[in-house]
Amino acid sequence: MAAARAAAKQVTKRNFPEALQELAAHLKECDYVAVAALKTGAPTGWRRALPVDTAETAYLKAKLAAESFQPLHIAVCPFRFDATSHSTVVAYPYNFHLFPRDELQLGMPSYSFSCQTSYFSSMARDGFDFNMCIYDGISYLSRVQESLARQKIFIPHLRQPSPSPSTTVADSVFTTRIKSRIQHWRKGYAEPSKTADGSLVNSLRKLILGGESYGSRPSMSIDVCSDRQVQLVLETINRVSDDLVPLVVPDKAGMSRAVRVIFTSSEEDKNLLLMDIQKLEDEHSVKFRGFREVIDLLSSSQKPIISYNCLNDLTMIHTKFIGPLPPNMHEFTCSLRMVFSSVVDVGHLWREIGPLRNAKNIQAALSYLQRQYFVPMEIEIPQQDGTNSVTKGGENVLRITKLFAKLSMLLKISPKHQSQSGEQHHTVEDFCNIFYPGCMAGESDDVDCTKEPDITRTVSTDSVIFLWGFRKTSAKELRYLLTRLHHVFSNDFELRLLDKTCSVLIFRSSDTPMELLREISSESPSLNNFFSEGLKAAGFDVYWKVCRLGLWDSDLAEALEAVSSEQATSALSGHGTSEIYWNSSLMLDIKEYLEC
Amino acid sequence: MQSSRRLARAPPPRTLFTRLYSSSSSLLPANGAGDGAGSSRVGGVAVKQVTRGNLAEALEELRARVRDAAFVGLDLEMSGVTSAPWRDTFELDRADVRYLKLRDSAQRFAALQLGVCPFRWDPAKSAFVAHPHNFFIFPRKELPDDISSHEFLCQTTSIDFLAKYQFDFNTCFHEGISYLSRAQEEEALQKLNVLYHDGIASPNTSEEEDVPLRSTADLLFTERMKIKFKEWRDVIISNPRMDNHWLECNKFSTHQFQTVFFKMHPAILLNGFTSHQLKLIQQVLRKDFKDLMYISTFGEDNTSEKRVVYTDDSNDSVSLMKDLQEDLLRSREARVKSAVGIRHVIDLLASERKLIVGHSCFLDIAQVYSKFIGPLPSTVKEFALGIHKILPYIADTRHLMSASDSVQYLMRQKSKSLSSVFSLLCPAFHSTVAEPSTLSPVRIEVEADETMLSCFASGAKHEAGYDAFMTGCVFAQLCDHLDVKFEHLPPRDNLAMNNKLQKYINLLSPSFNSGTSLDLSTGMERPDTGYKRRYPTVLYDNVVLIWGYQSELRPRDIKDCICKVFGPASVTTIFSIDSTAVLVQFSKQESVNDFMDLKAALEKTDSAISVLHPLSTILEGGKTRAANYDTYRDICGSSVSKYFFADQAEAVCSSSKSLLKCENIDAADTPGVILNESILDETIPTSEKHAGGTKNVSKKEDDSEISCQDILDALQDGKALFDKRTRST
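Residue numbers (UniProt numbering), protein chains in the order written: chain A, 1 to 596; chain B, 1 to 729.
No wet-lab data here; the hints were simulated from the structure. Even for Gly, the Cβ is constructed at its ideal location relative to N, Cα and C. Check before you lean on any hint, since a few could be wrong.
[Said to hold, decoys possible] To give an idea of the interface, some chain A residues facing chain B are shown, with a C-beta separation under 8 Å as derived from the structure:
hint, residue
1, 131
2, 247
3, 553
[What the hints assert, rightly or not] Straight-line distance between alpha carbons at most 25 Å, and here's what the computed DSS-like set of lysine-lysine pairs gives:
hint, chain 1, residue 1, chain 2, residue 2
4, B, 191, A, 476
5, B, 623, A, 545
6, A, 13, B, 164
7, A, 476, B, 287
8, B, 191, A, 500
9, B, 228, A, 545
10, B, 228, B, 164
11, A, 152, B, 642
12, A, 360, B, 279
13, B, 279, A, 287
[Said to hold, decoys possible] Residues of chain A placed beyond 12 Å of chain B at every Cβ, according to the derived structure:
hint, residue
14, 40
15, 68
16, 70
17, 88
18, 90
19, 124
20, 168
21, 170
22, 225
23, 266
24, 341
25, 481
26, 563
Generate the whole structure from the sequences, applying the supplied hints.
Here it is as structure tokens:
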């Protein structure tokens, strides 16, 4: 694939400020932004999204993944359709290398993170440069962390004197004293002494006048003990001379401790100094925000975000760059909307095209489109410089770009500002904010688009039973065992192993599971065989509780056991039922969540 | 200052000290010539770098070196040290809690480098000859049927710290050597045996379900295959004498069908079919060709090879199957053996029974146990005895330092970090330090294999191989201070047998601030005599763990609140675990239960007392929980990992049966509560005497003025009364 081979700009902390400016410019002229992240791992076993998950439990699992793993690499690619030919997409891919270095020594942004060796191995195979990432990766703080950090770390800053109210006697005494001190000190520099003093005298004078230096410029510190005094000092300095620049120096608690007065030799010198101070402040902001500047840019640009496996990537973006993830899906979607108003999952988009519904990943979808449809699409990457190279993450973001471009041709989606009236056009808003929790394990490059019959169906959580306590066995054997144990298992049901300790049974109706659970809770003798096999069962509410409590550290059976034994008394208390999309890649619609 | 104070709490002993002092001591060894002689001041030390590629040869060489060695230096670099700030070891941790914290670290983090440095005594040179080795480790998944998740934690500061010392992560993750612990190997072999005996390992799964022929393409494909196989079989049958010539000129050989011989049988190697097509082929063979077998095997580079094999009769096919199964078992066993990887090094050290020397090496040893032996046991005693069985002689230079008076004198006011001890005791390796050479009486040489220079690198601080070398050097000098003489040491002799060293070996300090050392041979922990404690000894029965209070509350505030109720001298110490939890030690053991009871009572009643009671500051928010020290232990031992202690405690208590434990202590439903309620009832009339209008009072005393002091007095009375009553019962 020619497009995917094309290079993306590699960004580390060395070239971050320049890249950020470039990106801002490119964002402005583009219609969409594709985003893809490369993480240190994904949950395994029953902790990954399973077909039995409802939107809510899928969110909880995505939350777990977002909180434990670390993005090492985020690819951002603003793109637009070429104005002259609609079969050309102009893209500006950037690969940002991240590392959560504790730049401010505050234990932020992340104390520790999990890694999966299989992820590292495959990254290594793809030629990922771990040294570059760890040595030079860009750090960041989330919005919430930044505000925490700002309460703890203070730097000297400029402050405008605010018009002060009436002055008291004490104030005027203070002012006079400060004024004479400053004037006396300033005279030493502003009016060069007539006699040519030796260096010894100069340094003695420095000592006596309490002078320090700020860079190459002379300065002095005036200790203050209140904000009021800061104001007075600032005003005094203003009145003394224009060639003095005051800097407010805070202490560790953020209270002003001193005002530093810096003497500048001329107007130009003063401007230079002000620019230096500004630069210092900017550098500090970079330390505070780091890569998050990119997220803030994306957010303020209001361009639709195009991504794949949105639930995973956006929970990750939320927890790393916005703030801690809320406890439920509804709050998450509300919070996310404040940051990104429209997010499009290409996975959802290709499900709009019937035959593509079973595509397992981007590769499969792309190759299907290639074979079955005629959608010429070229990706043009104008920026070229020495730092470009291909990485897996960069490849992915270009694939997303290409796929979205093709799909939007097929679905007649036009960018917001270009939508012509007359013709029947969709806008991107029609497809945004609908997430598919990826229930495919891992991102395989398998292009094999096997045609399975579409057996997606909606199942009520009431007709789901979790079963555990069996010995190591296959699904087939277990099924056979069950049919001999109790008559409810003679009904038609589907059985899947969720991990090595637990399986799930899906019944046609919700009556059978209800009956079974009732009999279990009343320890009905008809279940003696069932019990003596050591089998246990529980309804969906127990599973949901396991997810809510976050009992991720154990096998599913163990977790279900812990919750159900505790819940024994309150069993069968009617939780609201919800629906799962059994046997399909599940779909969650954010809009649905926002309305409830 | 702020940052160094933070560091002083966060990272563990070794990282801590090196980090605090690394800036002050610019003692990085200068890069110099390969083999540095002990007497000359040459900084560079050749360290052999071992990765996947050269493990086998390095092992052979190392085996000989270890056999000749007097002792072996050992060091590990890990991906992190503590999984949360509260998991740092504190001085006042009880031994079992400290072990649980260290166990958590050893289990969660990965070992990234293993440094092994054998030291051989050369009587001719009267010097030690060292061979530093640096092994890169990466816990890759090596066995295909291994379903355990290979996940490890990275502590950001540790990784960043390694990066500062130019740790090569690419080599580590690309070329690192994987491993299986003894327990994992045993399990894998057992699984193989079961598979073999059950015959499930058969490469040809017999009971296949029929694939419905869904499309015309499938039908056509099936027919085509039928014809093809029939033709091929007919040729073989009509042509019983086949040789290589037949192979070459066979007209059936195409790209997809490659005629080959497989275990002396004519066969076709299938190439480039989709999995669906392969299924169809199997179906064709099953239905129409009894004498053709479909066999899938794994080739050299782990790619599966599919073949159709012709067998003469059923006997032939049975023996072929058996042959195949044995092949499979052998290849799988070989794979398990190769997956053992870096553990061979530990096995080698164990079988040679040499003295192992580490510096502050408790965590390293725990890592060795957890990664290469098996899951860490639940008690420190089991751990000690377990490791003692495998590595019978371990010496900790940190412990030796505290044992020698002359060294203690030398080390006064100095950092105990490895690099600073090294620069002090072995100045010869530091070109920058001009100490009198008398300080380094034991000569040490580094020997590098001239022929293999490519895999040598000049050692640097915080590379496991170089650290192992430094540890060994320090050990040699310390031995000299302890009056262990090497002059008469026969070559190849194990230093572990030396009489003068006996009382120093197998004693490890669990952490730099434990003030104890663990005797590995007995599993008993005893206090170190030289250690100066910052806190008085803790009576763990008097300790209450409190968490979940409002975040703005400082430990001092909590102490004040408690002192208001229980008297100014009631609290011996208050120790903050992190910003969300404290341990409070009462001076009297009764106070623990009194506090719990009072807390429970206050939480139950909704009166003015519960609002204005001094303890209400702590209880505000309604999420404050308290428990005894054993619950603290359980929380530390849990596999849950949260950043804040309060979150951890909540998670542990809500998930496990320890929930009951916490509740038991909290809500004492025994007479205590009833008594307390009555106390509160009694105090209310006292307060009612005063009129007034406090806002937050309950229905009873709407128009009574209660000053705080009054309530306090009342409660003090009540408390005294309560004390009297409980004592009388």
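Practice item. Please confirm whether residue 170 of chain A is truly not at the interface, meaning its C-beta sits more than 12 Å away from all C-beta atoms of chain B. Key: 33 Å, holds
Hint check: residue 623 of chain B vs residue 545 of chain A, CA-CA at most 25 Å. Holds or violated? 20 Å, holds
TODO: Take a quick look at whether residue 360 of chain A and residue 279 of chain B sit within 25 Å of each other, Cα to Cα.
DONE: Measuring from Cα to Cα gives roughly 21 Å; hence the hint holds.
Worksheet item: Would the pair residue 13 of chain A and residue 164 of chain B pass a check requiring their Cα atoms to be no farther apart than 25 Å?
Response: 15 Å, holds
### Task
With a cut-off of 25 Å on the C-alpha distance, tell me whether residue 191 of chain B and residue 500 of chain A pass.
Status holds; Cα separation ~15 Å.
| message | For a C-alpha distance cap of 25 Å, please report whether residue 279 of chain B and residue 287 of chain A respect it. | response | Judged against 25 Å, a Cα distance of about 58 Å means the pair is violated.
- prompt: Should the interface hint for residue 131 of chain A be scored as holding, given a Cβ-Cβ cut-off of 8 Å against chain B?
  reply: This hint holds: residue 131 of chain A lies near chain B, its Cβ roughly 5 Å from the closest one there, short of 8 Å.
(request) Starting from residue 152 of chain A, check that the Cα of residue 642 of chain B is at most 25 Å away, please. (result) 23 Å, holds
Check your understanding: For residue 70 of chain A, which was marked as not at the interface, is the minimum beta-carbon distance to chain B over 12 Å?
Key -> Not fine: 8 Å to the nearest Cβ puts residue 70 of chain A too close to chain B.
Exercise for review: Run the C-beta distances from residue 341 of chain A to all of chain B and say if the shortest one exceeds 12 Å.
Suggested key: 31 Å, holds
| query | Between residue 476 of chain A and residue 287 of chain B, does the CA-CA distance stay at or below 25 Å? | reply | Status holds; Cα separation ~24 Å.
Check on residue 563 of chain A being off the interface with chain B, judged by Cβ distance over 12 Å: 8 Å, violated
Violated hints, in rising order: 2, 9, 10, 13, 14, 15, 16, 19, 26; the structure is consistent with all others.
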